[in-house]
Amino acid sequence: MLNIIQRCFRLCRIGWATRSIRNAKSQATQQAAQHALSELLAGSRGLPMKVGQFLAGMDDATPYAKLTNSVEPWPLQDIRSILEKSWQQPLQFMLKDIEESCAAASLGQVHRAFLNDKQCIAVKVQYPDIATAIDAEMTLAGLMPAGGPVKTWAFDLDSYKKTLRDTLHDELDYLHEMKQQLQFSSSMHVESLHIPHVFPVLCRKNILVQEWAEGVRLSEAATWTLPAKLYIARTLMQTMFQSLFEFGLVHGDPHPGNLLFQYHESKPQTVLLDFGCMVSIDKTRRLALLKLILHCRGECHTILLDTFVELGFHAEKLALIEDKLPLLAQLLFQPFTEARPFNPATWDLSASVADLLGDQRWWFRSAAPADLFLIIRIFQGLVTQLEAFDVQLPWWPILTQAVPEHTIEEAKTWQPGNAPSHALPDCKGSAEKLHIHIQLKDKEPIHITLPAKQALELESIMPEHIHQHIRDADIDLKKLRSQLLQQGLEPQTLIDIKQAAFHYHLYLT
Amino acid sequence: MQFAVATYLNTADSKITAKFLKDALNFHIEYRSGYGWWVENGSVTIILQDGSANNPSIEVQCTHIEKDSELLLQRPDIQAVTPIEQHHNRIEQQLLCDCGITLRLSKVLNEDEMGELISLPSSLPWDSKTDACTRRILRIAPLSFREKARERVTQRAEYIAVEAGSLMVQEAHAMQAFVEITLDFQYQALFDAMQQEGIHATTYMQDPS
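From first to last, the protein sequence lines stand for chains A and B.
Numbering of the first sequence is given in my numbering, commencing with residue 117 and proceeding in unit increments.
Numbering of the second sequence is given in my numbering, commencing with residue 1242 and proceeding in unit increments.
Hints may contain errors.
Claimed, not checked - The list that follows gives simulated cross-link-like pairs (lysine to aspartate or glutamate, EDC-like), each with its CA atoms no further than 20 Å apart:
1) 383/A x 1404/B
2) 1260/B x 1300/B
3) 1370/B x 1357/B
4) 1263/B x 1309/B
5) 383/A x 1368/B
6) 528/A x 398/A
7) 1389/B x 454/A
8) 201/A x 215/A
9) 321/A x 194/A
These aren't lab readings, by the way, just hints derived from the structure by calculation.
Being a predicted model, the structure only gives us computed values, none of them experimental.
All chains, full assembly: derive it from the sequences and hints.
Okay, structure coming up:
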């Protein structure tokens, strides 16, 4: 109980530090707040550290890098009893020697050890209290955004939370991780990619044993020669493309601690670690993704809306920005369409999408499937790695080397099913945009712009607590909808409720 | 760099200076009451003022500096102060005019005039022999298109190299890139340039002749 209270207290402090970063006006303040948060996260195993690793991304230089380098590991004497209990054998029967851990991971820590035949191994041991802590923290930390645009743009928040929870639970099962590592190792055929050999007989739900891998971290490998860096970059790209488009099981945790590099003059080796967070993508979605790339390259044609829907996008929401999809697809898949080495440093996808969609980018995001953020994170990881190596390579030829020709041909002939036609009825009128302006007392105002047709869907768009205020103001949304259908969507005010605590203003322009 | 489009110039005698600029440099001149002599040549306007001259100078950018210098020096009111000299990427000559103005003839040298083979904007390592001959072959592209050609051939060669599974650009990749980006009318020049480099051009393209 005391442990849970301590975790609650720490989480409160983390929440405070996170807000400090968000609100920091100057870069110096932000840096200081980041350091403070890094300290707090580093002291907290489990979900907070996982979040910290997420913040660290692939950049070894951020204050959060402390998390991916190391936090204070548990002493060996505490770990010894966990191992003996799990193996049901005295430690000396199983191992010739085991060393103190030099690095703690988010959910466990790694010890170098030697088998009795002197083989050097890595023993990853899960923290004993971590599984029970995860669920509590999911609720306590309030890590998923719950207000502002997320709520107003009708994000499927439960689905997001479930995806995060499922991912974390998968990571807690080291036998599951072992299976994924074995599966990944046997399926991937990328030269110079090394996946450490696992020892299934020694693995348990809370223990993973694999060969000890030597190597340097990304920040050091980034100082190697250009040919070595290019070689590694190609290995990383081939690994990602093959696992994504062919294998359908992608390493989903691209932080620096999960990569090691071994220098060889002609063929530097890339060692991939930690297969706890794997993202599974079924064949239809793989073909849809490849089809979109081929479409953008002009190698085949597809109906973009239907293809995005096959990827898991919400058909009705996406239909409202269907006219923007051709340009949007070009932006999203730009690295695959350029007929030259692609420079990731000049690729500012967020800014380009914001330019194209404006406020509607939230609409696009809310139409995306919940697990898309995992795929985006994988791509972001690759782009950050390429940036760190400061190399430019053309993406498409590397994809064609990593993915068999028959898969690409299959994607060319594959056709998406027909997306269900969106439910919004045809409604004439000169209004183009629906504006939602929400001002709560002592809060920053929220202003969101939607396609005008969304005025016909106010009932489903508006959060429940606002419905109550609308009802209190004697406004009948069903009646409003009928009026709009009859009279058309013309510029007008639809709802304007102003009270001391709030002001909701919905209007068409 | 900043360019002046209109300026005042103090000269000992503005009328003589205006006449000189009209005769020697084809300036259009006009007297405007209240201002004095205005001279302009389409890109710059100079208002001449009588006053103590402090070595006023005018830079004249030339296409053929030797020819322009020779023509100007035929005039009795112009003397050479310096010979035609090269300074970094330009050649210059200073001429002193009787009206007190120093003319600075100048010409910015292009990469061919400087005998320079500009580096390729590469992302991959290039085989050194291929790199050198690619830079030389690029000279078949007219100067005004050279920069674009250099960029396109480099990017295309690197794409072809990666497509072929290599991370270093070799002769075959570069020559293939040349063949792909060169316009039909320049095929003969490309063929000849390859041959001149000791490359068997027929490996990559048909003999246009």
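Here is what the structure says about each hint:
Proposed proximity of residue 383/A and residue 1404/B is supported: the alpha carbons are some 18 Å apart, at most 20 Å. Taking the CA atoms of residue 1260/B and residue 1300/B, the gap is near 18 Å; set against the 20 Å cutoff, the hint holds. With a CA separation close to 17 Å, the supplied pair residue 1370/B and residue 1357/B stays within the 20 Å bound. Of the supplied pair hints, the one linking residue 1263/B and residue 1309/B holds, its CA atoms being roughly 16 Å apart against a limit of 20 Å.
At roughly 18 Å between alpha-carbon atoms, residue 383/A and residue 1368/B fall within 20 Å of each other, so this suggested pair holds. The hinted pair formed by residue 528/A and residue 398/A meets the criterion: a straight-line CA distance of about 17 Å does not exceed 20 Å. Among the hinted pairs, residue 1389/B with residue 454/A is consistent with the structure: their alpha-carbon atoms are about 17 Å apart, no more than 20 Å. Taking the CA atoms of residue 201/A and residue 215/A, the gap is about 18 Å. The hint holds against a cut of 20 Å.
With a C-alpha separation of about 18 Å, the suggested pairing of residue 321/A with residue 194/A holds against the 20 Å cut-off.
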